[in-house]
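Next come the chains, spelled out residue by residue.
There are 2 protein chains.
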Amino acid sequence: MHQTLINRRTLGVTFSPEGACVRVWAPFAQSVCLRLHQQQQTIHLQSDGTYWQTSTQQLQPGDTYTFILNDTLDRPDPASLSQPEGVHGPSQAIDTSEFNWTDADWKNLPLDDYLLYELHTGTFTPDGTFAGIESRLDYLIELGINAIEIMPVAQFPGTRNWGYDGVCPYAVQNSYGGAIGLQQLVDACHRKGLAVVLDVVYNHMGPEGNYFADYGPYFTNRYQTPWGHALNFDDDYSDSVRRYFIENVLMWFRDFHIDALRIDAAHAIHDAREVHLLREIKEYVDELIRQMGRQHYLIIESDQNETKFIQALAQQGYGMDAQWNDEFHHALRVTATGEQKGYYADYNGVQHLAKSYKDAYVYDGTYMPRRARIVGKSTAGHAGRQFVVFSQNHDHIGNRMLGERPAQLVSLAMQKLMAGAVMSSPYLPMLFMGEEWGELNPFLYFVSHTDPNLIEAVRQGRRREFAAFQGVAEAPDAQDERTFGKSKLNWELRDQEPHATLFRYYQTLLALRKQSSLRHPDRESVAVVVDETKQTIMLLRQHKQVDWVAT
Amino acid sequence: MHQTLINRRTLGVTFSPEGACVRVWAPFAQSVCLRLHQQQQTIHLQSDGTYWQTSTQQLQPGDTYTFILNDTLDRPDPASLSQPEGVHGPSQAIDTSEFNWTDADWKNLPLDDYLLYELHTGTFTPDGTFAGIESRLDYLIELGINAIEIMPVAQFPGTRNWGYDGVCPYAVQNSYGGAIGLQQLVDACHRKGLAVVLDVVYNHMGPEGNYFADYGPYFTNRYQTPWGHALNFDDDYSDSVRRYFIENVLMWFRDFHIDALRIDAAHAIHDAREVHLLREIKEYVDELIRQMGRQHYLIIESDQNETKFIQALAQQGYGMDAQWNDEFHHALRVTATGEQKGYYADYNGVQHLAKSYKDAYVYDGTYMPRRARIVGKSTAGHAGRQFVVFSQNHDHIGNRMLGERPAQLVSLAMQKLMAGAVMSSPYLPMLFMGEEWGELNPFLYFVSHTDPNLIEAVRQGRRREFAAFQGVAEAPDAQDERTFGKSKLNWELRDQEPHATLFRYYQTLLALRKQSSLRHPDRESVAVVVDETKQTIMLLRQHKQVDWVAT
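Chains as they are written, first to last, in the working numbering: chain X, 356 to 906; chain B, 356 to 906.
Just so you know, these hints were derived from the structure itself, not from any lab. Mixed in with the good hints there might be a few duds.
[Unchecked claim] Pair ranges (Cβ atoms, derived):
id : chain 1 : residue 1 : chain 2 : residue 2 : range
1  : B       : N754      : X       : G648      : 50 to 60 Å
2  : B       : N754      : X       : Q671      : 31 to 41 Å
3  : B       : V883      : X       : G417      : 51 to 61 Å
[Unchecked claim] Residues on chain B that point at chain X, a partial pick, calculated with CB under 7 Å:
id : residue
4  : R577
5  : D594
6  : E820
Note that the coordinates shown come from a computational prediction; the quantities given were computed from them, not determined experimentally. Where is the CB? At the ideal position from N, CA and C, for every residue including glycine.
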């Protein structure tokens with residue numbers, strides 16, 4: 356373990372009383388220069404193995420800069436913290452230590468207590484910024500959740516994107532409010548008793564503004580992801596790529612006070628090395644926790660139902676604290692709607708929902724027809740807090756052609772039942788923004804690329820994906836600003852009936868969750884009775900008696 | 356674990372008193388027919404999930420057949436045991452139980468005692484067949500080895516190939532003598548006290564004659580190997596692909612009495628499922644051993660220095676019995692020749708050789724410059740018998756443009772030193788055919804494809820690979836029959852000096868290995884003293900005193 360990594364970033368620009376320290380990985384470069392845009396000056400970096408570095412008094416926080424590779428390519432910093440002019444523009448130096456934190460009293464919540472609320476910064480509020488989120492924190496507290504989960508904020512092309520096309524894992528989207536805006540939001544959350552979970556993407560990087568190949572072998576041809584080249588975590592030169600992402604994890608926790616990361620599509624982080632990247636990340640995070648005395652969690656998204664991800668380090672697992680459990684969603688959704696298209700085809704409704712209440716995974720060593728293979732492993736021995744459940748999220752809404760939320764598809768009574776099903780589960784519940792008042796605007800897939808070829812490729816890809824719907828309806832144009840506009844929450848709806856009633860129902864449910872035995876995600880005590888004729892489930896939850904023993 | 360898999364093949368054609376049972380996996384087929392070539396008859400197979408099957412009295416051992424998919428494609432059986440007309444021709448039914456084994460008294464050697472001899476069937480003897488090998492078994496016994504390791508014999512295009520372009524993993528190359536020829540060779544080896552190791556390829560299949568995609572998703576786009584599409588061991592439908600290779604392993608052990616498999620390039624068997632294919636194979640092999648009462652070993656080739664492969668199942672490893680240790684070779688080779696090109700660049704000679712004597716891997720958690728990353732893990736706790744070492748093998752000779760053997764490159768004295776270095780190691784020694792008399796013919800890369808595009812691709816690939824040598828010499832044409840011819844052993848050389856002397860030296864070394872403490876591959880007792888000035892190593896080996904304790 357590199358001790359230096361724990362205390363501070365080593366990549367990109369960092370500041371100390373002696374000035375700016377600049378460091379970039381470019382193993383094949385013949386020369387690397389730092390170009391200071393305000394000063395109209397270039398400084399040669401010194402080679403240090405496969406890294407290049409310099410120290411300078413010239414570069415000050417707020418200044419913009421680029422790197423010039425081999426005297427020809429003028430490129431943003433791969434570890435840029437700010438891209439004030441977007442992904443193609445220069446990087447901006449940021450001193451993350453300048454922020455005056457006021458959250459010294461904040462203590463991360465026990466994972467058991469997390470009540471999550473997933474939101475997308477750009478569409479959560481009319482102005483689509485971190486400041487916008489901050490203005491709604493009192494509302495979220497009134498609702499009763501205690502943790503917000505922010506969809507990815509790494510700089511992406513343009514101003515409209517779910518966040519999974521990010522190309523600057525260290526830079527906070529400028530149109531959201533940038534790095535300082537995020538620090539301010541986290542600080543405000545902590546003052547109000549809310550934890551902050553950040554969604555990060557470590558399995559691929561977006562296509563536009565992706566200058567990584569100019570710097571080094573960040574990608575490998577050994578693997579493919581559905582979204583493009585896989586990151587190079589196990590091929591030649593992979594140590595430095597691993598280090599790049601490990602430093603990224605540590606930065607969010609240490610310099611942004613993020614409480615937990617939600618790691619996107621962990622099953623697509625291909626790594627055949629003896630120590631998997633996720634395991635190595637966990638080792639570093641444990642050391643950070645030890646040194647800093649603050650708790651942080653690692654939560655993954657995975658579609659593999661393989662417990663190696665959430666197995667403890669001591670049991671040779673990757674040590675992730677928790678994972679999203681999509682199968683609970685699928686089983687619940689099929690129970691509620693009878694839907695059988697696409698990935699819902701493998702779920703039969705109440706029987707599978709009952710199984711998910713008991714065993715978390717529906718497929719846990721059993722044959723899954725759509726994959727035509729045995730999927731999953733038993734979750735025996737894994738605590739309820741290791742599974743995040745929901746009746747909707749950005750994916751299961753937004754991957755529908757018309758992006759309909761459940762409120763557009765099912766009755767109010769069914770919305771209430773679905774909310775109750777989630778909140779009474781022995782797992783960590785998560786809401787998706789707006790579900791608490793039955794938002795009727797869709798959550799569509801949207802982008803704002805500038806590369807015309809890419810825009811056309813996205814359009815065609817969406818059309819292909821939804822070819823079966825042709826004739827019924829047209830796939831909305833992801834590039835069209837109106838598609839983004841339509842996906843914004845309509846806050847006025849919340850005060851209208853029946854939405855106001857639904858909101859109070861969610862408030863009551865959340866209060867019940869917190870004040871009853873439900874708040875303990877104990878899997879041992881769960882009993883489920885299925886009535887197949889009536890298609891109903893009776894769920895029994897209790898919490899073990901706590902006996903105080905004088906010691 | 357499918358119990359049925361242990362006792363008999365379920366795929367392809369098997370015979371019982373009731374007739375032939377025919378079974379093939381074709382999950383997307385609308386219909387599958389068995390076409391009997393002699394009988395000029397077709398029989399419809401019945402669908403059984405993703406498999407198709409029938410039983411028939413029509414098909415007799417020796418008959419040829421194909422499968423007709425969707426009434427259009429006429430294809431050989433993916434689990435064919437015999438391809439009498441080559442990879443593009445019909446399959447031939449073989450009843451492996453018809454062979455009259457005479458090796459009931461044979462007991463596999465303890466792995467500790469293995470003294471291996473790698474050979475290529477086509478070039479080992481003038482006629483290039485299993486019968487040819489059989490005619491030299493007395494010679495091999497006279498030499499003093501006790502196990503032959505046969506390069507892959509799965510049917511490949513044409514008659515000349517190293518074996519790594521095989522496309523019928525169940526069919527034994529017809530020009531070598533086919534399935535019955537292999538059974539006869541193994542039986543003869545066992546009668547003479549020789550074990551048989553078979554090289555098998557489970558990471559890819561060759562390009563020509565590869566009809567697998569017509570049957571089902573045998574391949575995945577998720578991964579790439581340097582040799583083509585990766586086999587589908589973890590994607591949708593992968594259970595059946597895994598089963599196909601598990602049955603293959605069991606067949607070699609059970610029906611061909613093979614003593615050990617050498618699994619090619621195990622690091623390229625990409626499998627992210629919780630139970631890695633190799634681990635699942637080991638579980639089945641353990642069950643086979645338990646039921647059949649015969650010992651079998653699994654030996655892998657791997658370039659990753661990761662002990663998870665050879666870690667016991669109980670320690671969450673893949674349970675492989677042993678692995679090739681290329682790094683011992685590289686360190687020895689650099690010590691002997693000072694070579695520094697290509698993969699030799701990472702090895703410094705005596706220091707690394709000393710490290711390999713002590714620690715097996717040279718890089719065991721240390722930075723490898725050519726890969727620009729930390730490579731490997733400590734082998735502490737792993738027995739010497741888990742590492743196969745050699746001063747040459749088919750790869751390190753044949754991947755040179757001119758295929759020169761060490762005898763063409765180093766002095767007789769150095770050849771002797773290299774042999775001694777291998778034989779005195781605390782690992783399992785392996786010779787490559789002909790090294791024992793200092794063969795002077797090269798071992799070149801050769802193929803006999805029939806697809807003109809493929810032939811041209813191979814030619815251009817070889818030229819590219821050796822572009823740096825252009826001007827110095829021309830890369831031999833792999834497709835040219837003379838390239839194959841030149842690679843055959845020249846047995847007459849063995850009776851000439853200094854070759855006859857070298858042969859006696861190898862005899863003496865092998866005898867010494869067997870009769871001294873050297874025969875125990877104990878790593879604990881190894882002491883190595885390096886003299887950097889003289890560039891020499893002193894190796895001390897001893898075997899622990901065995902104390903008999905009355906209990």
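May I ask you to test the interface hint for B:D594 with respect to chain X, counting a Cβ-Cβ separation under 7 Å as satisfied?
Holds, because the Cβ-Cβ distance from B:D594 to chain X comes to roughly 4 Å (cut-off 7 Å).
Evaluation of the interface hint that places B:R577 against chain X, nearest CB under 7 Å
This hint holds: B:R577 lies near chain X, its Cβ roughly 6 Å from the closest one there, short of 7 Å.
Outcome for the supplied range 50 to 60 Å, where the beta carbon pair is B:N754 and X:G648:
Since the Cβ atoms of B:N754 and X:G648 sit about 55 Å apart, the hinted range of 50 to 60 Å holds.
Pairwise beta carbon distance, B:N754 to X:Q671, judged against the given window 31 to 41 Å
holds (36 Å)
Range hint compliance [Cβ, B:V883 to X:G417, 51 to 61 Å]:
With Cβ atoms ~59 Å apart, the hint holds.
Is the interface hint for B:E820 satisfied, with its Cβ closer than 7 Å to some Cβ of chain X?
Since the shortest Cβ distance to chain X is 17 Å, the answer is violated.
Of the numbered hints given earlier, the model fails hint 6 alone.
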